[in-house]
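Chemist: The numbering of the sequence shown is my numbering, which starts it at 3 and goes up by one.
Since the hints were made in silico from the structure, they are not lab data. Beta carbons are placed, not taken as given, at the ideal position from N, Cα and C, and that holds for glycine. Treat the hints loosely; a few may be bogus.
[To be verified] Taking lysine-lysine pairs in the PhoX-like style, the calculated list, with each CA pair at most 25 Å apart, reads:
id: 1; residue 1: K86; residue 2: K109
id: 2; residue 1: K22; residue 2: K144
id: 3; residue 1: K53; residue 2: K22
id: 4; residue 1: K109; residue 2: K33
id: 5; residue 1: K109; residue 2: K97
id: 6; residue 1: K132; residue 2: K182
id: 7; residue 1: K86; residue 2: K99
id: 8; residue 1: K97; residue 2: K49
[Unchecked claim] Label-pair ranges, simulated between beta-carbon atoms:
id: 9; residue 1: N66; residue 2: F113; range: 18 to 26 Å
id: 10; residue 1: V130; residue 2: I69; range: 44 to 52 Å
id: 11; residue 1: N184; residue 2: K99; range: 26 to 34 Å
id: 12; residue 1: M159; residue 2: N66; range: 41 to 49 Å
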Amino acid sequence: MKKILLFLFAALLFGFEIIKTDGILPFDRAKIVASINVSILDKNLTKVLKKVSKTQNGFCVIKNYNIFPFYEYVNKKQLFKGYKADVYLRCVFDKNKSGLFNKYINKTSSFSKIRINSISFMRLSSRVLKTEAYKKAESFAKEISKKLNKKCFLKSMSFYNNAPSRYKSFSLPVPNNGSKFNFSYVIECL
């Protein structure tokens, strides 16, 4: 009993280190990327332009669009049907914002035809994952500081286990969520 009390007294008097291993699932915070084609047809050119601008929002950006007169041929006669706009958009949003994307599709399809070309997941870069790991370790150090009423800080950190080197896209279905970005860190408390 005296040895345990002596050890605790020494640890509290001189300080100590905490070594912890943790991980981040890269696909927990992955973004979804969708490419969409929107076709708009209206007799009034001004209305077509307004509808083209309506297709863009906070997460969908117009990459390219074309506006041209649209004709149909009936009995070898050319009939003007209006102006047609083909709009190519790229949408990037968080997995938890898919409901907003659905609302956007419903709203946009009320005045146009939509074709979704592709949907994929964009994995976070190594730099972003390392920043997230550092924030997690700093948060743990602050939490321990409050609980022990000591000055605790991050002393060292190491990363391992196939950290992604850049943004990568993966086609659906979702890749195995079991592959973690692992890291360990040492917290020193004085």
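Chemist: Could you run down the list of hints and mark each one as holding or not?
Modeler: Structure-based check of all given hints:
For the given pair, K86 sits about 19 Å from K109 by alpha-carbon distance, which is consistent with the 25 Å threshold. Restraint check: the Cα-Cα separation between K22 and K144 comes to about 14 Å, which is no more than 25 Å; the hinted pair holds. Distance hint between K53 and K22 is unfulfilled; the C-alpha atoms sit about 54 Å from each other, more than 25 Å. Restraint check for K109 and K33: satisfied, since their Cα atoms lie roughly 22 Å apart, inside the 25 Å limit.
Straight-line distance between C-alpha atoms of K109 and K97 comes to about 20 Å, which keeps the hinted pair within the 25 Å bound. A hinted pair counts as satisfied when its Cα atoms are at most 25 Å apart, and K132 with K182 qualifies at roughly 12 Å. Straight-line distance between C-alpha atoms of K86 and K99 comes to about 30 Å, which puts the hinted pair past the 25 Å bound. Taking the CA atoms of K97 and K49, the gap is about 33 Å. The hint is violated against a cut of 25 Å.
Separated by about 19 Å at the C-beta atoms, N66 and F113 satisfy the suggested range of 18 to 26 Å. Our hint of 44 to 52 Å for V130 and I69 is violated, since their Cβ atoms are close to 38 Å apart. Evaluation of the 26 to 34 Å hint for N184 and K99 yields a pass: the beta carbon distance comes to about 28 Å. Between M159 and N66 the Cβ separation comes to about 43 Å, which falls inside the hinted range of 41 to 49 Å.
Consistency note: the structure conflicts with the earlier hints numbered 3, 7, 8, 10.
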